[in-house]
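Participant: Chain by chain, the residues run as shown.
2 protein chains.
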Amino acid sequence: MQKSDILENLQSIVGDDMVSSSAAELYCYSCDASQIRGVPDFVVRPSSTDEVSKIARLAFDNDIPLTPRGAGTGLAGGAVPVEGGIVLDMSSMKRILEIDLDNLLVFVECGVVQEKLNEALEPYGFFFPPDPGSSAMCTLGGLIANNGSGMRSVKYGTTRNYVMGLEVVLADGTIINTGSKTSKSVVGYSLTDLFVGSEGTLGIITRAILKIKAIPKERSVLLASFEGPELAGRAVVKVLSSGIVPSACEILDRNIIEAIKSYDPNISLPDADAILLFEVDGTENSVKEGIEMIRDACSSLASNIRAASDKKERDEIWAARRLVGAAVSRLDPLRTRVYVGEDVGVPIKELPGMLNKVNEISKEYDLPIMTYGHIGDGNLHTGMCIDVLEDGDWDKLNLVADRIHRTAISVGGTVTAEHGVGSARSEYLGLELGKGLNVMILIKNALDPKGILNPGKMGV
Amino acid sequence: MQKSDILENLQSIVGDDMVSSSAAELYCYSCDASQIRGVPDFVVRPSSTDEVSKIARLAFDNDIPLTPRGAGTGLAGGAVPVEGGIVLDMSSMKRILEIDLDNLLVFVECGVVQEKLNEALEPYGFFFPPDPGSSAMCTLGGLIANNGSGMRSVKYGTTRNYVMGLEVVLADGTIINTGSKTSKSVVGYSLTDLFVGSEGTLGIITRAILKIKAIPKERSVLLASFEGPELAGRAVVKVLSSGIVPSACEILDRNIIEAIKSYDPNISLPDADAILLFEVDGTENSVKEGIEMIRDACSSLASNIRAASDKKERDEIWAARRLVGAAVSRLDPLRTRVYVGEDVGVPIKELPGMLNKVNEISKEYDLPIMTYGHIGDGNLHTGMCIDVLEDGDWDKLNLVADRIHRTAISVGGTVTAEHGVGSARSEYLGLELGKGLNVMILIKNALDPKGILNPGKMGV
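Taken in order, these protein sequences are the chains called A and S. Counted from 1, the first sequence has number 423 at position 421 by our numbering; the numbering is strictly sequential. Counted from 1, the second sequence has number 212 at position 210 by our numbering; the numbering is strictly sequential.
This is chain A alone, in the form it adopts within the complex:
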C-alpha cells in the first residue's frame, strides 16, 4: 500500500484531526527523554480500543512498525520509533472509568497521567503507590509497559504489583483481556505479568485494572550522614536485614549534595560523603517505632543522624531529593546531564562494593559521577554530565557506562532496575539473561510474528 493510502486509511479510522504526517509534528515524536532518536512516518492519536485495534490490523496487513507512546518521559528510547512507521500517541485515552473502593481498585484507560489518578483518589483516602520521578507527566500505560517504580518501591513494590488485569491489543488487532477484578486467581499463565514490562513489544496496553491502597495516616523522615559511601551501603544492608520496611530509602552522595546546594543554597543538607534518607509510613505508633529502629540500626555506622522534627522539615528534605534531576544538570553550565548507564541495580549485600566500584571507575576515567537513587532496592542512579558537542566526551561516557553495566552484572545485578531497556540497553540482554533471551525471542515471535510491535527494542 502507498504511503498516501496508509494515511487515508488512518484518517478513516481516527478522523483527519487525529493523524499527522507533517514533518514538524513527526519531529516532536522522534525522541523521548533519552538520547535515542527515530522519526515516524505517521503519528496517530486513537480515542478508543476499537480504533487501536483497527490501526494494528492495518499495520499488520501492511508490515508497518507500530510504536505505542504514553507521555514520552522514558529514559531508554522505548517510545521512539527507531524503525519509523506509526507512532500511537495514547494520551487521548485518558478516562478514569471506575473508582471501586469496595474492591480497592480502579479501572482506567492507559493515557491517564499518573498524578491525575492520585488526585482523583486522594479525597477518598486512597492512592496508587508507584511513584516514578515523572509521575506528574507519565501515563499509566507507559508506567505499566515499563514496570516503572520509584522511591516507594522498597516498601510498596513496583507497578507490576498493582496491575490486576489489562486490556491489550495484539499485533493483528485482536483485543484480549488478562486478569480480572478478583484479587487471587491461578487460572492460566500470568499474561498480565507478561505484558507488564514488555515495553510495547508484545501488545498495546489500552486499559488496566489497578489495585489501590489506603493513604497511610502518618509518615516521618530520618536523615543519616556517613563518612564514605560504603558505610552508607552497609547501613542499608543492616536496616533492611533487621526486618524494618521503610517506605523510602534513598542515597545522595557528596557530588549530589554539592549540586543540590549550588542549585539552591537555602537547602540545609549535612556536609557528608553520603546521606541516607529514610521514610517510614503507617500509623502514628508504628512510624515512631520504625524511625527508632532505623536510628538504632544506623547508630554504629553513621557520623550523624537526625529525624525531621515536623512536617515542614520533612517536606524540605524531600524537596531537596526531588531537586536532584535539575541540580545535576546545573553543576557545570557547559555540560549536559545524559541518561546513559544511569540505572543499575545490585543485590542489597553488594551495595557497599558497588558504591566503591563506581567511585573507582569515576576516578579512572576522570569523569565525575553523581550517585543517588533508591538504594533500598539496590537501585543506584549514576548521573553523568558531558559536553554533548564533544565526540571524545561521548566516547568516555560510553566506556564508563559500559564498565558500570558490566560491574553490576558481574555481582548478580541488572543494567536497569526501573528505567527500561528500550534501544538504549538492549545490547546487554544476552549478557544479563543468558539463554533466557532465547525464550523471550520465542515468545516475541509467537505473539508478533511479523515483528511490527515496537521493533528495535528489548533485544527481541
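Just so you know, nobody snuck in bad clues.
Since copy identity is lost for identical chains, a pair holds within one copy or between any two.
As a list, the in silico EDC-like pairs of lysine to aspartate or glutamate whose alpha-carbon atoms are at most 20 angstroms apart: (1) 219 / 291; (2) 215 / 283; (3) 219 / 283; (4) 219 / 286.
Since the hints were made in silico from the structure, they are not lab data.
Given chain A, put chain S in place with the hints provided.
Facilitator: Below, chain S without anything else, positioned relative to chain A:
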C-alpha cells in the same frame, strides 16, 4: 525407541535405584489429592538439574510425556500423568542451598518441603509467607508451579510475590535462569512470572530464589459471628475497604461450624450462620490498633464479636480452622469429601451475593455445601461430600460444581483462586479467559513445540 531402551537410558542418567517401572510403584504415582487418575510408564527421581536436563532431552527426542511432581498434594490433577510417560519425582532435590539474610532471600532446590524451609528460617527470625493447607508436605517447586497461597495471602500475597528467580529446564533440556537476587529489575519479559503458576506445562522448575520476611513480633485474633452469611460478606467488604490489612480473614459457615463441633465437641465456637476469623500481625501497637479498627468496622453487622484474650485462645481458634478439612469428611460416615468445584474466587464486592448463590444452589440440588476459606481474597472453599460409589451422586455433584463455577465467572470471578487448573478445571479456561487462552496456546507451542510437558493440563 523401545520401552526397555528408554528404561535403560533413564537408568544410565539417574542410576538404577532412582527409576522404576514396576506396576506397584507406578500406581502410587497415578494420583494426587484430586479425583484425577493416570498411570505413568516410568517414575524417575532425579538428584540434580543436570539429570533433569538429560531426562528432558531424552523425552524430547522420543516424544515422551514428562510430568513433574512435588509431593502430590495438588487438588486438580496437576501432577497426574494423564497421558502416561515419565513422572519426574522431584522430592530428592531437597537442599536449602543458601540462607542469605543480608539480601533477605533463600536459594533452594525445588524439592524442599515448605515447612522445612520455615523451620530452617525460624531461628533467624524470618519466614517464607505463603501457607497452603498442605505446607507440612508440599514442595516449594509444586507451590511455585501452582502459585499456591493460603490464609496469609490477604496480607502477604501469593507465592508469585516471593519468587525472585528460577532455574528452569525447558522441554528440550536447555537450562535457563530467570530473575536474580536483585530486588528490582526491568530487564526483559518477566519469565519468572510466566513459569510461576504454569503447572509444569512450560518447563520444569529445579531451583528458586525466594524472598523472605521478618517474623512479626505480635499477632492477635478476632472472631465475629453473623446471622446469615451475606452479613459476613458485607463485613469483609467493609473491613478491607477501610484500608485495614488483616494477616488472615477466614469464613466458616453454619455447616462447617457444626462439622467441627461434631469432630471435636471440646472446641468452643459460637453458634452462628457464619463466623469470620480475623488475624492481625505486626508490632504490639499496630496489632492493637488493627484489632480495634476491625471491631469497629464489624460492629453494626455482627451479632457477636470477641477477641482472643491470650495466645492459648488464639491457638485454639486456629486449631479449629485447621480441622476443617478433616471435619468436613467426618460429617457423614457414608459420604466422602471430594475436591470438585471447591475453589472459586470472586471480587470482594461480590462476596455477599456469591454466598447467597451458593446457598441457593445447595438447596436447589439438595446437596449440603460447607463453605469456608480465605474470604479476604474473595476465595471460597465450597466443600461437598457424596457417596462416591453412587453414579447419581457424582452427576449431582458435577452439576452443582458447574453451577458454582459459572456463577463465579458471571460476576467477574475465577474457577480457581489457589488450587490450580490441572485436568480438573481446564474445560472452563475458554469461558474465563476468552481469547487470552489463544495467547496461552501460542506461548505453550513456542516453548514446548512437541507438547511433551505435562500434557492434558491447563487447556493448552
